[in-house]
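Chemist: What follows is each chain in one-letter form.
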Amino acid sequence: MALLDAKGISKNFGGVVAVDKVDFQIPERSIVSLIGPNGAGKTTFFNLITGIYEPTTGVVIFDGKPLGGLKPHEVTQRGIARTFQNIRLFSNMTALENVLVGEHCRLNAGLLGAILRSRKVKAEEVAAKNKAMELLAFVGLGGKEEEYAKNLPYGDQRRLEIARALGTNPKLLFLDEPTAGMNPNETARLTRLIDQLRTERSVSVLLIEHDMKVVMEISDRVTVLSFGKKIAEGLPEEIKANNEVIEAYLGKAYAKSHSEEKEKNSDR
Amino acid sequence: MSVNAPLPQTSGRRTRITRITRERNKLIAFAVLFVVAMLYPLVGRPIFALFDPNNKTLFGDITASLNTTLIFTLLAVGLNIVVGYAGLLDLGYAAFFAIGGYTMGFLTSQQSPLYDTPFHTNFWVALPISFLMAALFGVLLGAPTLGLKGDYLAIVTLGFGEIVPITFNTLNKITKGDSGLAGLIQPNLFGFQFTASTVEAWYWLAILVVALSIFLARRLIDSRVGRAWMAMREDEIAASAMGINLVRTKLLAFGLGASFAGFAGAIAANSQGSANPSQFRYDVSIFVLSMVIFGGIGNLWGVIAGSFILSLTDRLLIPFFTGLVKNYAEGIELTTQIDANGVRVTEPNIWKDILTNVGSDSRLFIFGLILVTMMLLCPEGLFGINWKKSVKQLLKLIRILGELVR
Amino acid sequence: MKKQFNLWSLLVTSLIFTSMLLVACDSATNTPAATTAATTAAASAAAKTTAASGTTPGTVRIYSSLPLTGSSRQQSLTLVNAMQLALDDFTGGTKKIGSLTVDFVSLDDATAAKGQWDADQEKANANKAVNDPQTLAYIGTFNSGAAKVSLPILNQAGIAMISPANTNTCLTIFDAGSGCDKTEPDVYYPNKVRNYFRLAARDDLQGQALAKFITTLNLKKVYVIDDSQTYGKGLADGFSTAAKALGLDLIARDSIGGKESDYKSLAASIKAKSPDAIFFGGISQQQAGKLVADIRAAGIKAPFLGGEGILDDAFIKDAGIAGEGAYATIAGALEKDLGPKAQDVLKRYRDKYGATEAYTIFGYEIMSVTLTAIKNAGTADKAAVIKALSNVKDFDGVLGKWSFDANGDISLSTFVVNQVKDGKWAELVGVNVQK
Chain A
1 MALLDAKGIS
11 KNFGGVVAVD
21 KVDFQIPERS
31 IVSLIGPNGA
41 GKTTFFNLIT
51 GIYEPTTGVV
61 IFDGKPLGGL
71 KPHEVTQRGI
81 ARTFQNIRLF
91 SNMTALENVL
101 VGEHCRLNAG
111 LLGAILRSRK
121 VKAEEVAAKN
131 KAMELLAFVG
141 LGGKEEEYAK
151 NLPYGDQRRL
161 EIARALGTNP
171 KLLFLDEPTA
181 GMNPNETARL
191 TRLIDQLRTE
201 RSVSVLLIEH
211 DMKVVMEISD
221 RVTVLSFGKK
231 IAEGLPEEIK
241 ANNEVIEAYL
251 GKAYAKSHSE
261 EKEKNSDR
Chain B
1 MSVNAPLPQT
11 SGRRTRITRI
21 TRERNKLIAF
31 AVLFVVAMLY
41 PLVGRPIFAL
51 FDPNNKTLFG
61 DITASLNTTL
71 IFTLLAVGLN
81 IVVGYAGLLD
91 LGYAAFFAIG
101 GYTMGFLTSQ
111 QSPLYDTPFH
121 TNFWVALPIS
131 FLMAALFGVL
141 LGAPTLGLKG
151 DYLAIVTLGF
161 GEIVPITFNT
171 LNKITKGDSG
181 LAGLIQPNLF
191 GFQFTASTVE
201 AWYWLAILVV
211 ALSIFLARRL
221 IDSRVGRAWM
231 AMREDEIAAS
241 AMGINLVRTK
251 LLAFGLGASF
261 AGFAGAIAAN
271 SQGSANPSQF
281 RYDVSIFVLS
291 MVIFGGIGNL
301 WGVIAGSFIL
311 SLTDRLLIPF
321 FTGLVKNYAE
331 GIELTTQIDA
341 NGVRVTEPNI
351 WKDILTNVGS
361 DSRLFIFGLI
371 LVTMMLLCPE
381 GLFGINWKKS
391 VKQLLKLIRI
401 LGELVR
Chain C
1 MKKQFNLWSL
11 LVTSLIFTSM
21 LLVACDSATN
31 TPAATTAATT
41 AAASAAAKTT
51 AASGTTPGTV
61 RIYSSLPLTG
71 SSRQQSLTLV
81 NAMQLALDDF
91 TGGTKKIGSL
101 TVDFVSLDDA
111 TAAKGQWDAD
121 QEKANANKAV
131 NDPQTLAYIG
141 TFNSGAAKVS
151 LPILNQAGIA
161 MISPANTNTC
171 LTIFDAGSGC
181 DKTEPDVYYP
191 NKVRNYFRLA
201 ARDDLQGQAL
211 AKFITTLNLK
221 KVYVIDDSQT
231 YGKGLADGFS
241 TAAKALGLDL
251 IARDSIGGKE
261 SDYKSLAASI
271 KAKSPDAIFF
281 GGISQQQAGK
291 LVADIRAAGI
301 KAPFLGGEGI
311 LDDAFIKDAG
321 IAGEGAYATI
331 AGALEKDLGP
341 KAQDVLKRYR
351 DKYGATEAYT
361 IFGYEIMSVT
371 LTAIKNAGTA
381 DKAAVIKALS
391 NVKDFDGVLG
401 KWSFDANGDI
411 SLSTFVVNQV
421 KDGKWAELVG
431 VNVQK
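Residue numbers (this note's numbering), protein chains in the order written: chain A, 1 to 268; chain B, 1 to 406; chain C, 1 to 435.
In case anyone wonders, no lab produced these hints; they're calculated from the structure.
Glycine included, each C-beta is placed from N, C-alpha and C at the ideal position.
With the Cβ distance kept under 10 Å, some of the chain B side facing chain C (calculated, not the full set):
{"id": "1", "residue": "F59"}
{"id": "2", "residue": "T63"}
{"id": "3", "residue": "S65"}
{"id": "4", "residue": "N67"}
{"id": "5", "residue": "Q110"}
{"id": "6", "residue": "I166"}
{"id": "7", "residue": "G177"}
{"id": "8", "residue": "S179"}
{"id": "9", "residue": "G183"}
{"id": "10", "residue": "T195"}
{"id": "11", "residue": "S197"}
{"id": "12", "residue": "Q272"}
{"id": "13", "residue": "Q279"}
{"id": "14", "residue": "S290"}
{"id": "15", "residue": "D314"}
{"id": "16", "residue": "G368"}
Listed below are the simulated DSBU-like cross-link pairs for lysine-lysine, each with C-alpha atoms no more than 35 Å apart in a straight line:
{"id": "17", "chain 1": "A", "residue 1": "K150", "chain 2": "B", "residue 2": "K26"}
{"id": "18", "chain 1": "B", "residue 1": "K326", "chain 2": "C", "residue 2": "K352"}
{"id": "19", "chain 1": "C", "residue 1": "K375", "chain 2": "B", "residue 2": "K326"}
{"id": "20", "chain 1": "C", "residue 1": "K424", "chain 2": "B", "residue 2": "K352"}
{"id": "21", "chain 1": "C", "residue 1": "K259", "chain 2": "B", "residue 2": "K149"}
{"id": "22", "chain 1": "B", "residue 1": "K326", "chain 2": "C", "residue 2": "K424"}
{"id": "23", "chain 1": "A", "residue 1": "K229", "chain 2": "A", "residue 2": "K71"}
{"id": "24", "chain 1": "B", "residue 1": "K352", "chain 2": "C", "residue 2": "K375"}
{"id": "25", "chain 1": "C", "residue 1": "K375", "chain 2": "B", "residue 2": "K56"}
{"id": "26", "chain 1": "C", "residue 1": "K290", "chain 2": "B", "residue 2": "K173"}
{"id": "27", "chain 1": "A", "residue 1": "K120", "chain 2": "B", "residue 2": "K26"}
Coverage of chain C stretches by chain B, computed from C-beta distances (three or more under 8 Å per stretch; other residues unrestricted):
{"id": "28", "stretch": "113–122"}
{"id": "29", "stretch": "128–139"}
{"id": "30", "stretch": "145–155"}
{"id": "31", "stretch": "181–187"}
{"id": "32", "stretch": "217–230"}
Working from the sequences, and respecting the hints, build out all of it.
Modeler: Structure, rendered in C-alpha cells:
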C-alpha cells in the first residue's frame, strides 16, 4: 500500500484552477519527483498536502489515515516534513537550535517542565541535543552547530533546512527545489544526501526539482504537472521520452521537430 | 559521509563544553549579583548616611527609586518574553499591570466590594491570585488577536491597553473610579508589618520576585517552549511546518508575559496602599517598551539594564541634575547699582535666567532628549551598540545641527 | 547533574538568607537605639519625634509635594513661589523662627514619563519626609488622588500635612451625597489621630456655592457633566446634592473621558434636553475647553459653569471664543475685598515672579499658617505642630480671618465667581454658603 495516496485533488483560487483533479501516490521508501514548468501548481500541490491550503475537492490518505482538515503542525506530527523553495530558516537562531525546533513535536516538556526542569525533562533535552548533533553531522554541518543560520553559506542553509525537517522524525519528506542556486559540486553532494535519506533513514521523499539531471538520477517515479493537470507519470526513462512532457516544457514546435527527428533516427 | 561522521561529533562535544562553562560563569555572576543586591540595604544605609549627615533621607530616596525601578524591571522582563522572544508587538502591556493591581485591590482593600466576604484575603494569598488573573486575561485578550501580526497586532493591543484602565475607571460602584481602591491591607511576615514606609522590606521582596522572574525567563528561553517562541518570531509558516502549534504557543506567550505584569501590578498597588487607574495608563506600556527596545529586544540582561537606566534617569538623575542647576542659578548674585538719578538698577543676567529655566522647566525635555539620542546612537539596543558607528552617527548629527544653526 | 545541584543549592541558600535578613530587619526596627527610618507603628514614630525634639534645636524642614512636571505645572509653580515669598516675609529673610532654622524643600510628585502626578512618586516623596527626622510639615498635595496615597503614610509617621488644593470631600468627612465610601475618611488615618489640614474648600461647599449662584441667575434646568476624575466627580456629586436641595432640576448626568476627539454627540444630546445651564465638574486638562467649544458650535446658548479646575489660561486657550461668558468659582474673597495685606503680597509677587494666579494667595497663606504653627509649638516636635495647626483660630492672614475646624477644613465659606470676559478671567461676584 502506498505511503501517501492523493485522490482527485483540486484547488481553485477564485476562478483560477491551480490544481486540477490530480491523483498521486508515493510508495514506501521511494523517491518521487514532481516536475513541470513554472506555475504548473507544484508548490500549491505541496501546500495542499501539508495543510497550508485546504483542497477544494479530493482526499489525501497518509499512512492509512486521511489528512483532511489538519493544520500544518498536525500534518507534521503525523510524519510529513518539508523544506521551502525560498529558504525559511530561523535566521537568528543557531543551527543546533533550528534542528531542535524541528524536534519540537517529538518532545513532551511543557511550561512546567521547562521551569522545573525535572530529571525526565533534562534527559529529554540531552537526547534531543544529541539527535540534533547527529542530524547536523548527517547533512554535513558537523562543527557548525553554534553558527547562526543567517551566517551560514547558501548551500549549508539548504542542508540545514533538510536537517531541521529530519528533526521532526518524518516518514515522508517534501523537498521544494533543494538544489536551486547550487553549483554542480554542491548539487552532486545534495543528490547523494537525498539518496541516503532513503537508504539509511527509510524516509520517502517527494521532490520538486528543475534540475533534470538530479531528477533522473535518483527518482523512482516522476510525475509531471502542467497548468494544474497531471500530464504524465512513470519511470524517469519513460518521462524523458514522453512527447507531451517535452511539449509542456519546450513548446509545441520543438516537440514536433524533436519527434520528427526521433522518427528519422528510428527510420535509419 | 560516514567516514566523516565521528569528526564533527568530537568538535560538537568541544563546543558543548565551552557552552556549559559559559553558562556556569553566567550563573556565578547571577548569584553574586543577587547576593550583592540582597546585601545592599544593610550596607547602603550606613554608607549613604555618610554622604547625607543632615537629613539622612538619601538612602530612603534611592531605595524608593530602586523599588519603583524593580517593578519596571519585572514589567520589562515580562514584556521581553512577548515582544522579544515571541515577536508579538504588544503596546497594551499596562492592561495586565492594571489587572494585577486591581486583583490585589479587590482582594485586600478595605474599600473593596469583597471586604467582609470570605474572598477578602491577605497579601501573600492575593499575590499568586493576581499572577493567575493576569495570566488568564493575557490568554483571553490574546485570543482575539491570534490572526494579527505586526502593526495590526500593535494597534489592537494598544486598544486593550486603553480599554482596561478606562473600564476600571468607569466601574465606579466596585472600583471607586478615579480615586481608586484605598486602604489595601499590607502584608505581615513572621510578625513584621510592611507599610508604605518600610522601603527595605519592599526592596527585598521586589528583588526576590525579580530574581525569580529572571530565573524563569532564562529557564523558559532555553527550553522547548522558548525555542518555539523564537521560531514563531522568526517565521510563522516555517514554525508551523516544524510541528509548532501557533495558537497554543502565542497564547502561552501572552499569558506568561501577562503574568509577570500581574506580579508587578500586585506589588505596586499594595506597596502604595491603593490601586487607581492613573497608575496603569498607556504611558506605562510605552515606557516599558522603551526599556525593552533600549536594552535590545530579546536580550534579557540588556532589557534589565534598560529598565534600570531609564527608570533611574527619570526618577533620580534628571531631578538631581536639574536640582543642581537650579541651586547654582539661585547662587548667582545680581549686581545692583544706584545710578546717577538715585534709582536702583539691577543688571539683567541672561545666564541666571537660562539656568533657572533649565533647573525648573526642562525635566520633560531632557528625558525626551536622552531617549531620542539613545535610539539614534544605538538602535540595536544597549548591548548591540557599535561604538564606531555610533560615534559616526553622532558626528553626522552634530554636522546636521551645525548646518541648521548656520 | 552537578549543575543542577548548584542551582538548587543557590535557590535554597538565597531563600534562607532572605528570611534571615527579614527577621534581622524586623528586630532592627524595634530597637530604640536604631535610627532606621522604617517606622512600623505609631509608637516608634512618636518615640522618634520626641527623641529628635529633645536634642539639638537646629534645622527643621518643610517639604512641599506638587506636580511640577506636566499639565499642572503652572499652578504648582505659583504655589511654590508664593510659599518661598511667605517664608522670606515671615522670617525677615533669615529663615529663623526662634532658635529653629527653617529649610523649605520643594518636591515634584509628577514624573517625566507620565507628565502628571504619579502615585509611586508621591509615595516616595511622603517617605522622604517620613525618613527625615527633621521634617515638621508636608505641604501638599495638589491632586486629591495623590493625597489618598501620601496621607496614610504621613499619618502613621505623625507628620502634619497641609494641602492648598485638595477639595475631595471624603478626605476629611464622610458625606454620602459626595459618594464617599463607608471606610472614608478613617481609612486615611490609620493612626486614628488627625494630621491633615487644607485651605481649599470642600467640593460639597463649592457645589453649594455654584448651585446658589445658578439660582441667583434664575436658571432651573441643569445638565451635569463630570470628567471622570476624583476632583471632577466629587464636585459634580457635591453640586448635584446641593442643587437638589435648592430645588434645581437636574435633567441629566454625563461623563467625559478627557481624551475624546470631539464632543459633538454629547453636544447633540445636550441640545435635545435644552438645559438652562451646563455644569462641568473637572479640570481644563481633561478638555473642558474643547467641550465648551463643541457645545457652542451646536448652537447651545446655556451658560457653562465649573469649579476652580477650569479657572486657568488653559481653559480660555482651548475654548477660544466659545469660552466667553463661562463661569468658574474658587474659594476666597473678591480681590477688591482683600485686605491691604493681600494686596501688598500680590504686588510684591508680581514684582518678583511675574503674573499672579488664583493659587498665588493660597501658596502664601499655607506657608504663613504652617510657620505660625511651628512658632506657636515652639519646639521641633511633630505632634506639637499638628496640635498647633488644629488650634489655629481666627488666623488673620491674606485670605481674611479664618480657622481650621475639627476635621482640618478651613472655616471660610466664601467663594468668588469668575467669568471669562474678553479672553480673560475676571472676578464677578462673591457667594457665601452655610457650612
